[in-house]
Amino acid sequence: MSDDPAQLPSLDALRRRIDAIDADLHRLLMDRARVIDGIVAAKRASGAEGVMFRPDREADMMRRMVERHAGSLPLTAVEHLWREIISTSTRLQGDYRVHLDGGADIAAMRDLARFYFGFSVEMETPGDAADVVGTVAASVSDLGIVALSERADLPWWRGLGTDGAQIVARLPFFVAEDRPADLPAVVICRPIPGQEMPDTRVFDARWIGALPGSLMNSGIEVLSFFRTGDGVDALLAVSADMTEEDVLAACIEAGAEPDVLRPVGGYAAPIDIDPGAEDEFETGGWGDPRADEA
Numbered sequence: 001m002s003d004d005p006a007q008l009p010s011l012d013a014l015r016r017r018i019d020a021i022d023a024d025l026h027r028l029l030m031d032r033a034r035v036i037d038g039i040v041a042a043k044r045a046s047g048a049e050g051v052m053f054r055p056d057r058e059a060d061m062m063r064r065m066v067e068r069h070a071g072s073l074p075l076t077a078v079e080h081l082w083r084e085i086i087s088t089s090t091r092l093q094g095d096y097r098v099h100l101d102g103g104a105d106i107a108a109m110r111d112l113a114r115f116y117f118g119f120s121v122e123m124e125t126p127g128d129a130a131d132v133v134g135t136v137a138a139s140v141s142d143l144g145i146v147a148l149s150e151r152a153d154l155p156w157w158r159g160l161g162t163d164g165a166q167i168v169a170r171l172p173f174f175v176a177e178d179r180p181a182d183l184p185a186v187v188i189c190r191p192i193p194g195q196e197m198p199d200t201r202v203f204d205a206r207w208i209g210a211l212p213g214s215l216m217n218s219g220i221e222v223l224s225f226f227r228t229g230d231g232v233d234a235l236l237a238v239s240a241d242m243t244e245e246d247v248l249a250a251c252i253e254a255g256a257e258p259d260v261l262r263p264v265g266g267y268a269a270p271i272d273i274d275p276g277a278e279d280e281f282e283t284g285g286w287g288d289p290r291a292d293e294a
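First residue of the sequence shown: 1, per full-length UniProt numbering; consecutive thereafter.
Watch out, some of these pointers could steer you wrong.
[As the list claims (entries may be wrong)] Beta-carbon label-pair distances, calculated as ranges:
| hint | residue 1 | residue 2 | range |
| --- | --- | --- | --- |
| 1 | Gly-194 | Val-66 | 22 to 32 Å |
| 2 | Met-197 | Asp-12 | 46 to 56 Å |
| 3 | Ile-106 | Ile-192 | 21 to 31 Å |
| 4 | Ala-23 | Met-123 | 30 to 40 Å |
| 5 | Glu-124 | Pro-9 | 45 to 55 Å |
| 6 | Ala-41 | Glu-253 | 52 to 62 Å |
| 7 | Asp-153 | Ser-120 | 24 to 34 Å |
To be clear, the hints were calculated from the coordinates, so they are not data collected in a lab. Every residue gets a Cβ at the ideal spot worked out from N, C-alpha and C, and that includes glycine.
Take the sequences, apply the hints, and build the full model.
Okay, here's the thing in structure tokens:
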């Protein structure tokens, strides 16, 4: 485009171009909805019913969006728009609710939930994190969001498991300094058929008596921990490359074998879109549950 003012498009011409782009966007959204209708019909014809969440596919879509993104439009704004489209498309397959952790900052929790799941999905707050886990485990297709805190008020992850509710995503997915809806949290739902192996696996680990030292040096992130009367419970995140035996060996190397170690889900690794910023998602978070032990 020429820098000569005489050669620049007029304001009216630019507005007509915006109108044309808006019409194209609307047409493409309607085309997308028709494809979703076809997916729903195909599922019903095959005997499958209900909502199908695919956090692995959603993560791949978001990663491709990062790769092709350019220009002045903030990436988090595109993320929010894309999440609204994805959530609405999922809702076309059937109704579902999102249950919020009432033990967290409720305003921050609602901001996070609306950013990722939009305004058309029903939100409920059944109680604390353990109540969210129980409610989701008893549902057919509902989701739950539980806030992550360094030291938990209760070991809510004990209610997770491969047959009930399990962790399927970690929020925020795009990590950046001063981003909107930045409350650290995990998404839980019932097991997803055909779900691919996530980038990160999550374990419920429990120690009685002797506690491990820093696990971070072994590639283990402590997402949250709870001090019991005689030990500690911890929610651990590891690379999917690590087997359960690898995690057990790493804990032993750190000084203590866990009395309980069981898988409770996994998630796609968040993307740091602000490489200059340090954050707990990339640095390993809280690595030593003995740090406050006097």
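Against the structure, the hints:
The supplied range of 22 to 32 Å is met by Gly-194 and Val-66, whose beta-carbon atoms lie about 25 Å from each other. Remark: the range hint 46 to 56 Å for Met-197 to Asp-12 is upheld by a beta-carbon distance near 54 Å. Separated by about 28 Å at the C-beta atoms, Ile-106 and Ile-192 satisfy the suggested range of 21 to 31 Å. Judged by the Cβ atoms, the range 30 to 40 Å given for Ala-23 and Met-123 holds: they are separated by roughly 32 Å.
Between Glu-124 and Pro-9 the CB atoms are about 49 Å apart, so this pair conforms to the stated range of 45 to 55 Å. At about 53 Å, the CB distance of Ala-41 to Glu-253 agrees with the hint of 52 to 62 Å. Against the hinted window of 24 to 34 Å, the Cβ-Cβ separation of Asp-153 and Ser-120 comes to about 31 Å, which satisfies the hint.
Against the hints set out earlier in the document, no violation occurs for any number.
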